[in-house]
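> When you get a sec, could you build the whole thing from the sequences and use the hints?
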Amino acid sequence: MTSPFYLFRLPQLVYSMIINSMTVTEQILLSLCSLKTNSIVKYFRRDTRKITLNVRNNALVTVVVEGSNEQLRIGQMLQPGPVDQKVTINGKSKRFGYSKLLYAIGTYWDDMETGTMEVIEYLDKLLSAKVEILEISDESGGRIMNWLQRRQRQISKVIVFNQRKTVFEVESLSNIIRDCEAKHICLDVNTGGKPFEIQNSHGKCVLFQCKDDTVISVENLMQIEAPEIYLTNRRYTDAEIDLFLRHWMNGGNPNLKALFIPHLIYDGVNVASNLPVSRRRGDKRYRSVIDSELSFSMYGGYKIKRNDGTIARFYDDSEDFFCFALEKVLH
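Last residue of the sequence shown: 331 (our numbering), numbering continuous.
One should not assume that every hint holds.
Claimed, not checked - With a straight-line Cα cutoff of 20 Å, these simulated PhoX-like cross-link-like pairs (lysine-lysine) come out:
{"#": "1", "residue 1": "Lys211", "residue 2": "Lys157"}
{"#": "2", "residue 1": "Lys284", "residue 2": "Lys305"}
{"#": "3", "residue 1": "Lys194", "residue 2": "Lys211"}
{"#": "4", "residue 1": "Lys130", "residue 2": "Lys50"}
{"#": "5", "residue 1": "Lys42", "residue 2": "Lys130"}
{"#": "6", "residue 1": "Lys130", "residue 2": "Lys157"}
{"#": "7", "residue 1": "Lys50", "residue 2": "Lys125"}
{"#": "8", "residue 1": "Lys328", "residue 2": "Lys257"}
{"#": "9", "residue 1": "Lys165", "residue 2": "Lys183"}
{"#": "10", "residue 1": "Lys303", "residue 2": "Lys284"}
{"#": "11", "residue 1": "Lys257", "residue 2": "Lys284"}
{"#": "12", "residue 1": "Lys305", "residue 2": "Lys257"}
{"#": "13", "residue 1": "Lys50", "residue 2": "Lys94"}
{"#": "14", "residue 1": "Lys94", "residue 2": "Lys36"}
{"#": "15", "residue 1": "Lys50", "residue 2": "Lys157"}
{"#": "16", "residue 1": "Lys92", "residue 2": "Lys36"}
{"#": "17", "residue 1": "Lys284", "residue 2": "Lys328"}
{"#": "18", "residue 1": "Lys42", "residue 2": "Lys125"}
As the list claims (entries may be wrong) - What follows is a list of derived Cβ distance ranges for each label pair:
{"#": "19", "residue 1": "Leu264", "residue 2": "Ser292", "range": "25 to 31 Å"}
{"#": "20", "residue 1": "Arg150", "residue 2": "Gly192", "range": "41 to 47 Å"}
{"#": "21", "residue 1": "Leu264", "residue 2": "Lys125", "range": "49 to 55 Å"}
{"#": "22", "residue 1": "Thr114", "residue 2": "Arg178", "range": "22 to 28 Å"}
{"#": "23", "residue 1": "Leu102", "residue 2": "Glu219", "range": "43 to 49 Å"}
Keep in mind the hints are simulated off the structure, nothing from the lab. Cβ coordinates follow ideal geometry from the N, Cα and C atoms, glycine included.
Laid out in structure tokens, this is it:
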């Protein structure tokens, strides 16, 4: 049987052998040549490895191939390339540049975010590739995040960060957190010391993480509804930890399963001294269900009970960190 495609007059078996001997990068590059080559790659490609996309700053798409070091970056050019160098993306002819050394393609669009969305849609149709990680800066905003959440399954991780020496506007940050439906939300932002609201009540976030520059008050902590909370942004006082535990005992943070926060060097008050707790023996460990690299151990600690009877354990290092977990999730 001969192939229905007439770019080359070859049997289907030969087409299949050629296409499937290529790397994913080579398949993508071939598919961009024309509508016909796109159809050939899509029809004959048989690779079963999972392919995902990482998107940074609404402008750079990285193709990640499961079990391989192979990566291709597709970004947006600030200036159009040579008029004789064009690729076809979703039926649109666009100027482009390619660096074999950098494994990178650049395409030019009048609107950069539209170009990124076109590239994502193209790779999804060609490879069934979904966006796994989305990195949003203070310059990019949430447009692509909201578009992705309408068109694909849940995004695994959204990272929100600052460009160098910039301050993230608190209103924009609050809006991104409010709208984000990712399993893992990670903040690494500088708001210039300004407080912001955490409103994320749709229950889709499993792990909420904050890194160095983010200002998170204990009141913010009480607003986070995720089951797992890991904060490394600043050290919390005994008084703040006491306030949070009392909040939890009275029904606050009802979905919380595990909490890890840095603890201020001993400030004269023992967290356990003013609470109805009892000592626990034995070492226990908690590992995140979303990110296996995030874990903590409890060497003894204290038992604490919520008003509804739920039992948790917390461990207070006094000079390093404070951690908390429901008894039923400890190992």
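> Hints first: check each against the structure and report whether it holds.
For each hint, the structure was consulted:
For the given pair, Lys211 sits about 15 Å from Lys157 by alpha-carbon distance, which is consistent with the 20 Å threshold. Distance hint between Lys284 and Lys305 is fulfilled; the C-alpha atoms sit about 18 Å from each other, no more than 20 Å. Restraint check: the Cα-Cα separation between Lys194 and Lys211 comes to about 16 Å, which is no more than 20 Å; the hinted pair holds. Between Lys130 and Lys50 the alpha-carbon distance is near 10 Å, which keeps this suggested pair within the 20 Å criterion.
Of the supplied pair hints, the one linking Lys42 and Lys130 holds, its CA atoms being roughly 16 Å apart against a limit of 20 Å. For the proposed pair Lys130 and Lys157, the alpha carbon gap of about 12 Å is at most 20 Å, so the pair holds. Restraint check for Lys50 and Lys125: satisfied, since their Cα atoms lie roughly 14 Å apart, inside the 20 Å limit. Straight-line distance between C-alpha atoms of Lys328 and Lys257 comes to about 9 Å, which keeps the hinted pair within the 20 Å bound.
Restraint check for Lys165 and Lys183: not satisfied, since their Cα atoms lie roughly 29 Å apart, outside the 20 Å limit. At roughly 12 Å between alpha-carbon atoms, Lys303 and Lys284 fall within 20 Å of each other, so this suggested pair holds. As the CA atoms of Lys257 and Lys284 are separated by approximately 14 Å, the hinted pair is consistent with the 20 Å bound. Pair hint Lys305 plus Lys257 holds up; C-alpha atoms about 13 Å apart against a cutoff of 20 Å.
This hinted pair does not check out: Lys50 and Lys94 have alpha carbons roughly 28 Å apart, beyond 20 Å. Straight-line distance between C-alpha atoms of Lys94 and Lys36 comes to about 16 Å, which keeps the hinted pair within the 20 Å bound. A threshold of 20 Å between alpha carbons decides the hint, and for Lys50 with Lys157 the separation of about 17 Å falls inside it, so the pair holds. Restraint check for Lys92 and Lys36: the C-alpha separation of about 14 Å stays at or below 20 Å, so the hint holds.
With a C-alpha separation of about 11 Å, the suggested pairing of Lys284 with Lys328 holds against the 20 Å cut-off. Distance hint between Lys42 and Lys125 is fulfilled; the C-alpha atoms sit about 8 Å from each other, no more than 20 Å. Between Leu264 and Ser292, the C-beta spacing of about 28 Å keeps the proposed range 25 to 31 Å intact. With their beta carbons about 32 Å apart, Arg150 and Gly192 fall outside the hinted range of 41 to 47 Å.
Restraint check, Leu264 to Lys125: a C-beta distance of roughly 52 Å satisfies the suggested window 49 to 55 Å. In this structure, Thr114 and Arg178 meet the distance hint of 22 to 28 Å, their C-beta atoms being roughly 24 Å apart. Range check, Leu102 to Glu219: about 45 Å between beta-carbon atoms, so the 43 to 49 Å window is met.
Checked against the numbered hints listed earlier, the structure breaks hints 9, 13, 20; every other hint is satisfied.
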